[in-house]
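Please work from the sequences and hints to get the whole structure.
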Amino acid sequence: MSDIPAELRFAESHEWARLEADGTVTVGISDHAQEALGDVVFVELTEVGKVFAAQDQAGVVESVKAASDIYSPISGEVIAINEELGGSPELLNSDPYGAWIFKIKPTDAAELDKLLDAAAYKAAIGE
Amino acid sequence: MGQRTPLYDLHLALGAKMVDFGGWDMPLHYGSQVEEHHEVRRDCGVFDVSHMTVIDVTGPQAKAWLQHLLANDVDRLHRPGRALYSTMLNERGGIVDDMIVYRLDDAYRLVFNASTRDQDLAWMTEQLGAYDVQLHERTELAMLAIQGPQARHKIAELVTQSRATLIQHLKPFEGYTDGDWFIARTGYTGEDGLEICLPASQAPGFFNDLVGAGISPIGLGARDTLRVEAGMNLYGQDIHQEVSPLASNMAWSIAWEPATRQFIGRAALEAEKAAGVAHKLVGLVLEERGVLRAHQVVRIADVGEGEITSGSFSPTLSKSIALARVPMATADRAEVEIRGKWYPVRVVKPTFVRHGKTLI
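As they're listed, the protein sequences go chains A and B. For the first sequence, counting from 1, position 57 maps to 57 in our numbering; every step adds exactly one. For the second sequence, counting from 1, position 225 maps to 225 in our numbering; every step adds exactly one.
For the record, the hints were derived by calculation from the structure and aren't laboratory data. Heads up, none of these hints are tricks.
In the BS3-like style, the derived pairs of lysine-lysine whose C-alpha atoms are separated by at most 27 Å in a straight line are:
| no. | chain 1 | residue 1 | chain 2 | residue 2 |
| --- | --- | --- | --- | --- |
| 1 | B | Lys-341 | A | Lys-50 |
| 2 | A | Lys-122 | B | Lys-17 |
| 3 | A | Lys-103 | A | Lys-50 |
| 4 | B | Lys-280 | B | Lys-319 |
| 5 | B | Lys-341 | B | Lys-319 |
| 6 | B | Lys-349 | B | Lys-273 |
| 7 | A | Lys-103 | B | Lys-341 |
Because the structure is a prediction, the values reported are computed rather than measured.
Structure representation (structure tokens):
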């Protein structure tokens with residue numbers, strides 16, 4: 001059973017999204033995703049200033065096993081990337097909900113409602 | 001559902017993530033593949049390799065038949081207890097499989113890959129002809145590999161006195177029978193260690209003893225990164241039916257002498273040599289961040305293109321390494337295409353780590 005925090009929203013492609021008090025949205029990958037990937041050894045981060053539509057490719061996570069694309073769960077502009085993952089990509093394994101990947105300024109915060117809540121994500125991954 | 005080794009239930013109990021490997025349900029890792037890798041390099045770990053194919057060859061013409069079947073020469077096994085690495089080739093010089101051959105008292109034991117079992121048995125049966133030889137597949141045996149600098153020392157403390165003495169005196173590439181166990185000093189990690197064949201019924205108890213003594217179970221994931229670092233080829237990936245040992249960094253495993261020994265594939269190898277071998281297997285080291293993967297294209301300026309056959313992150317070197325088949329001319333540097341971008345790589349001898357030491 002993986003950890004699925006109730007306050008987060010999830011994409012079917014296994015990213016999590018958290019709405020912050022300042023209206024920005026923080027994005028990472030779920031505990032289930034890091035578990036399936038195995039040891040993460042490299043993260044190709046996106047760039048600050050990039051503008052994404054929902055489900056646009058927004059970086060790559062490479063584990064010992066395979067390379068997996070990360071997708072932006074919502075539309076918006078990237079305002080920060082987690083540089084710490086450059087030197088310590090394994091943080092995605094040890095602390096998947098603390099090790100965020102990028103922060104986005106949403107075009108339309110209502111898009112968050114289209115993502116899965118914790119219960120729906122739990123069902124989607126068959127737990 | 002795939003085939004299961006006698007240790008299947010234990011793998012689940014130890015929290016293994018199971019995957020299909022050549023039709024077998026095998027442990028990929030028990031938590032962290034990278035940690036398991038380090039454990040083998042600095043101490044030791046135990047692998048369930050019961051999926052591998054074990055065939056004993058007996059009969060008055062066993063030696064003559066193997067001298068016909070294999071590119072290496074079993075005549076080099078001067079006495080029981082010795083072992084050698086060999087390939088078995090098709091008429092075109094392509095590799096049907098690679099194996100270790102152990103000389104027993106009254107037989108030869110061949111240990112092959114798991115995924116090639118059916119093609120190997122079909123090929124071998126086809127080559128029997130009029131030879132007075134019998135093949136016995138030993139499915140009743142389990143096989144454990146205990147690998148790492150501390151492997152022999154730690155195992156010696158967990159077995160009977162006679163087995164401990166045997167383990168102490170074993171030289172590399174030797175293997176002997178003790179009761180219903182067969183203990184060999186061979187492996188697939190680039191470290192010292194043992195491979196032990198024992199009755200399937202005894203395997204769970206012994207595996208449990210090892211884990212209880214603090215020896216970590218190691219999955220197929222670490223087995224792969226360890227063997228890539230050691231520069232050991234994997235059948236189906238680096239070597240296959242369409243490439244010869246000459247193009248696979250394995251020319252050393254071909255016994256050309258005596259010239260009268262007409263092993264299968266010899267004529268094709270001689271023709272390939274005479275024409276000039278077109279490709280070789282090299283090592284690549286990615287200096288930048290990223291991960292080299294199988295089938296990525298390798299470009300060598302003014303020479304031509306090649307392809308990665310095995311690529312991985314190297315836990316020991318903390319960077320990505322690969323085995324690649326490139327034009328014989330090659331160069332010191334090359335480029336690899338990763339997701340549409342070209343990354344510079346160093347071209348090195350394909351042995352990155354041996355006995356815990358970095359060689360590049």
